[in-house]
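Student: In order, the protein sequence lines correspond to chains S and D.
The UniProt record's numbering numbers the first residue of the first sequence as 1 and each following residue consecutively.
The UniProt record's numbering numbers the first residue of the second sequence as 1 and each following residue consecutively.
Keep in mind the hints are simulated off the structure, nothing from the lab.
Quick reminder that beta carbons are idealized off the backbone N, C-alpha and C, glycines included.
A portion of the hints provided could be inaccurate.
[Stated by the list, open to error] From the derived model, a few chain D residues whose C-beta atoms are all more than 10 Å from chain S:
{"id": "1", "residue": "49"}
{"id": "2", "residue": "195"}
{"id": "3", "residue": "205"}
{"id": "4", "residue": "266"}
{"id": "5", "residue": "273"}
[Stated by the list, open to error] Just a few of them, taken from the derived set where beta-carbon distance is under 7 Å, the chain S residues facing chain D:
{"id": "6", "residue": "107"}
{"id": "7", "residue": "109"}
{"id": "8", "residue": "198"}
{"id": "9", "residue": "202"}
[Said to hold, decoys possible] Have a look at the derived ranges for each label pair, beta carbon to beta carbon:
{"id": "10", "chain 1": "D", "residue 1": "337", "chain 2": "S", "residue 2": "74", "range": "37 to 45 Å"}
{"id": "11", "chain 1": "D", "residue 1": "98", "chain 2": "S", "residue 2": "107", "range": "26 to 34 Å"}
{"id": "12", "chain 1": "D", "residue 1": "335", "chain 2": "S", "residue 2": "228", "range": "55 to 63 Å"}
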Amino acid sequence: MKRRNAIGLGTAGIAAAGAGFAAGRFWPATSEAAALDPNAEAIAFYGAHQAGILTPAQDRLHFAAFEVITADRDELIALLQAWTVAAARMCGGDYAGPGGAAGGDYYAPPDDTGEAQGLPASGLTLTIGFGPTLFTDADGVDRFGIADRLPEALRELPPFALDALDPAVSGGDLCVQACANDPQVAVHAIRNLARIGFGTVSQRWSQLGFGRTSSTSTAQSTPRNLMGFKDGTANLKAEDGDLLEKHLWVGADDGADWLTGGSYLVTRRIRMRVETWDRTTLAEQEEIFGRDKSEGAPLGATGEFDEPDFEAEADGVPVIAAKAHIRLAHPTMNGDARMLRRGYSFVDGSDNLGRLDAGLFFIAYQRDPEAGFIPVQRSLSENDVLNEYIEHTSSAIFACPPGVRDEDDWWGRALFT
Amino acid sequence: MRHLAPAAAAAAALALLAACSEKPAESDDGAIGVLATDDACEVAVSEAEAGTVTFTIKNEGTKVNEFYVYAEGNRVMGEVENITPGLTRELIVELPADAYETACKPGMIGDGIRADFTVTGEAASLSEDQALQDAVDSYKRYVESQSAGLVEQTELFAEAVRAGDIEGAKALFPVARTYWERIEPVAEIFGDLDPRIDAREDDYPEGPTDPAFTGFHKLEYDLWITGDLSESGPIADQLVADVNEIVALAAAEELSPLQLANGAKALLDEIASFKITGEEDRYSHTDLWDFAANLEGSEGAIASMRPVLDERDPDLVAALDEEFANAWAALEQHREGDGWRLHDELTPEELQELSDAINALGEQVSKVAAVVAE
Numbered sequence: 001m002k003r004r005n006a007i008g009l010g011t012a013g014i015a016a017a018g019a020g021f022a023a024g025r026f027w028p029a030t031s032e033a034a035a036l037d038p039n040a041e042a043i044a045f046y047g048a049h050q051a052g053i054l055t056p057a058q059d060r061l062h063f064a065a066f067e068v069i070t071a072d073r074d075e076l077i078a079l080l081q082a083w084t085v086a087a088a089r090m091c092g093g094d095y096a097g098p099g100g101a102a103g104g105d106y107y108a109p110p111d112d113t114g115e116a117q118g119l120p121a122s123g124l125t126l127t128i129g130f131g132p133t134l135f136t137d138a139d140g141v142d143r144f145g146i147a148d149r150l151p152e153a154l155r156e157l158p159p160f161a162l163d164a165l166d167p168a169v170s171g172g173d174l175c176v177q178a179c180a181n182d183p184q185v186a187v188h189a190i191r192n193l194a195r196i197g198f199g200t201v202s203q204r205w206s207q208l209g210f211g212r213t214s215s216t217s218t219a220q221s222t223p224r225n226l227m228g229f230k231d232g233t234a235n236l237k238a239e240d241g242d243l244l245e246k247h248l249w250v251g252a253d254d255g256a257d258w259l260t261g262g263s264y265l266v267t268r269r270i271r272m273r274v275e276t277w278d279r280t281t282l283a284e285q286e287e288i289f290g291r292d293k294s295e296g297a298p299l300g301a302t303g304e305f306d307e308p309d310f311e312a313e314a315d316g317v318p319v320i321a322a323k324a325h326i327r328l329a330h331p332t333m334n335g336d337a338r339m340l341r342r343g344y345s346f347v348d349g350s351d352n353l354g355r356l357d358a359g360l361f362f363i364a365y366q367r368d369p370e371a372g373f374i375p376v377q378r379s380l381s382e383n384d385v386l387n388e389y390i391e392h393t394s395s396a397i398f399a400c401p402p403g404v405r406d407e408d409d410w411w412g413r414a415l416f417t
Numbered sequence: 001m002r003h004l005a006p007a008a009a010a011a012a013a014l015a016l017l018a019a020c021s022e023k024p025a026e027s028d029d030g031a032i033g034v035l036a037t038d039d040a041c042e043v044a045v046s047e048a049e050a051g052t053v054t055f056t057i058k059n060e061g062t063k064v065n066e067f068y069v070y071a072e073g074n075r076v077m078g079e080v081e082n083i084t085p086g087l088t089r090e091l092i093v094e095l096p097a098d099a100y101e102t103a104c105k106p107g108m109i110g111d112g113i114r115a116d117f118t119v120t121g122e123a124a125s126l127s128e129d130q131a132l133q134d135a136v137d138s139y140k141r142y143v144e145s146q147s148a149g150l151v152e153q154t155e156l157f158a159e160a161v162r163a164g165d166i167e168g169a170k171a172l173f174p175v176a177r178t179y180w181e182r183i184e185p186v187a188e189i190f191g192d193l194d195p196r197i198d199a200r201e202d203d204y205p206e207g208p209t210d211p212a213f214t215g216f217h218k219l220e221y222d223l224w225i226t227g228d229l230s231e232s233g234p235i236a237d238q239l240v241a242d243v244n245e246i247v248a249l250a251a252a253e254e255l256s257p258l259q260l261a262n263g264a265k266a267l268l269d270e271i272a273s274f275k276i277t278g279e280e281d282r283y284s285h286t287d288l289w290d291f292a293a294n295l296e297g298s299e300g301a302i303a304s305m306r307p308v309l310d311e312r313d314p315d316l317v318a319a320l321d322e323e324f325a326n327a328w329a330a331l332e333q334h335r336e337g338d339g340w341r342l343h344d345e346l347t348p349e350e351l352q353e354l355s356d357a358i359n360a361l362g363e364q365v366s367k368v369a370a371v372v373a374e
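Same shape as in the complex, but just chain S (with noise of 0.2 Å):
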């Protein structure tokens, strides 16, 4: 069963390209349709790592966390495999159930939604998260025999300066973070997702993205959040090798076996109140980012990649200015805290003032959040002046394990085996 043929694609065709590709996986990267488009190639599933965390930052998002509404240890681990099976499905271009879209039983519900079809695979990335609360939950149950389990690094964030965090979009025992070159596939995968864990699970909050805000390859460019500027230049990407090991990858030694390969993610969601931004001047806004606005580049640099110079100054003032964002935020500030970024940015509509509820949906990767995101956080929500124009309103923390190796391994087999 396939979402869309490969037009113009032979039996030699076929052959050819299966060779090379597991079985399941109808949109062979090599064909011709998938090769004038890249964005529509399917990201490999299995591996070492989760993708979806060094995978080139695709285009668009739906992320969500659910809340786990059985006790039974089993019925999760179950819900776990077929969410598994399927999202080798979907990330593979096809879809979610064998029956397809429309070719199951014409007296049952189809298998899959079917607002997929016709689409490729899109780069397609699904990766799961374990949330504090999957361990022992708010009353201090361990639900699943697995309180022993839980990483020493994967407590609640400590509140932050400024936070005005909404509990109802905030935490979550598990997330599903699907990214997507193609809209309509993200929000497809998480929709099958959802459907396959009724009775499971059930969807707490989901945040749509419709833009990347961070390049996570060298090969990509840096773009543009909402506030008109380039943010985290000084990402960690694919090509740094052993900055990945140091700051990006539990290590063997980190505490959590099961945890091994994986990475700690951080998600905000922070609203920015656009209006009053756009009315503030140039200069002003160039001041709190420390950037020069058109080209990304530090305040006296040239390029978007030059190393800032904190110590530069001009008529005995800091070029960069003492609170600017790329100060308060840097590694070198903040005890060489790297994480990797991976945010979107969103728009969800006016509120009742029409004052758009815009923002950035922050995600970061780390090794660890105490050398990553917590140390930033706290330099920023206590010094960035850019906190005038944005407020955090939504907070989580999960453990996201290594990869799913095979056809025969699953989500989270190393925690609950």
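Start from chain S and add chain D according to the hints.
Tutor: Relative to chain S, chain D alone:
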């Protein structure tokens, strides 16, 4: 048709009234006495021979009672509703050899006071077609029993409205609707009548004051919002007439197994879309009565098909049993006295929990149609 026509049943009940003693007994003609009170349900015997079995139920309690015979999975083999205090009613039911349960439901709510009832003798084995026909017949019995309750309770409700008895009418409103909501998918077959009985104000351009707005919800509006029943009499009369008409149509309608399956799902969709949101009974907030009735109606339709489902997909039956139990457990937390908490008293978290349970159940029930259509 195995069902006894209401007039005949009433006549039989009257004839038996004299014969019924204080203690339940098996009478000379083989009728099994049932003595129902507010906290007991004494059935004279717990066994019978396969074939036609007759129960005579006397209500010596203070609450309106109901009597049911259930096969496995709460499949209603037969029931009598609306046995008011002091009244004796008869239930005649065809029972093949099997294990059953009897139940009285004082106050017409809950699982009832149950007892085992065993029928021995020749086991009826049904062909596939017969099994499906049996499912339809079983559901038609259910619809007819609910129809009788609907007519009676709607008349009582209308009487209270006509009499200007606001408090009395308010108390009867969710009770009459219970019978309606249990069989609503059948009513919806009759396109014109359903809106006249059950439309909501949003169905009309002028909202609640639109002259075309009639039925239960118009009276709900008069009772809870304006408190003015001076113009409500004709609406009540029309409601009674419409309900009688729809009941007659329903009795004459031939149903298919697929309609049963889709009806079971449609009732859960009703809950998910209108009851959990509080849209259905927006003036009275008695949505949980309707919720329970939809759930009972869905369970009733599924129970009718149980022998077919047992044969064709036992795993699905197990999943249905589990999810129906979960949904009831979620709802039961909100029982209050003989009824339910008001919708606007529930927290968002409580509503979320109900929604989760209905979603889980709905996914399973949505699989039934393909199984009966095999």
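Student: Report holds or violated for the interface hint on residue 109 (chain S), using the least CB-CB distance to chain D and a cut-off of 7 Å.
Tutor: Cβ of residue 109 (chain S) sits 5 Å from chain D, so the hint holds.
Student: Does residue 195 (chain D) clear chain S by more than 10 Å, comparing its Cβ with all Cβ atoms of that chain?
Tutor: Consistent with the label, residue 195 (chain D) stays out of reach of chain S, its closest Cβ about 27 Å off (over 10 Å).
Student: Under the criterion of a CB-CB separation shorter than 7 Å, is residue 202 (chain S) in contact with chain D as hinted?
Tutor: Since chain D brings a Cβ to about 4 Å from residue 202 (chain S), closer than 7 Å, the hint holds.
Student: Against the range 37 to 45 Å, how does the distance between the Cβ atoms of residue 337 (chain D) and residue 74 (chain S) compare: consistent or not?
Tutor: holds (38 Å)
Student: With respect to the beta-carbon atoms only, verify the hint that residue 98 (chain D) and residue 107 (chain S) lie 26 to 34 Å apart.
Tutor: The hint (26 to 34 Å, Cβ to Cβ) holds, given that residue 98 (chain D) and residue 107 (chain S) are roughly 29 Å apart.
Student: Once the closest CB in chain S is found, is it more than 10 Å from residue 49 (chain D)?
Tutor: holds (39 Å)
Student: Interface hint check: residue 107 (chain S), Cβ to nearest Cβ on chain D, cutoff 7 Å. Holds or violated?
Tutor: holds (4 Å)
Student: Compute the least Cβ-Cβ separation between residue 266 (chain D) and chain S, then decide whether it is above 10 Å.
Tutor: Holds: least Cβ distance 13 Å, greater than 10 Å.
Student: Are all C-beta atoms of chain S more than 10 Å from that of residue 205 (chain D)?
Tutor: Residue 205 (chain D) clear of chain S: closest Cβ-Cβ about 27 Å, beyond 10 Å.
Student: Is it true that residue 335 (chain D) and residue 228 (chain S) lie within 55 to 63 Å of each other by Cβ?
Tutor: holds (57 Å)
Student: Can residue 198 (chain S) be said to touch chain D, with a Cβ gap under 7 Å?
Tutor: Constraint on residue 198 (chain S) satisfied, holds at 4 Å.
Student: Would the least Cβ to Cβ distance between residue 273 (chain D) and chain S come out above 10 Å?
Tutor: Nearest chain S Cβ is 16 Å from residue 273 (chain D), so the label holds.
Comparing the model with each earlier hint shows no violations; every hint is respected.
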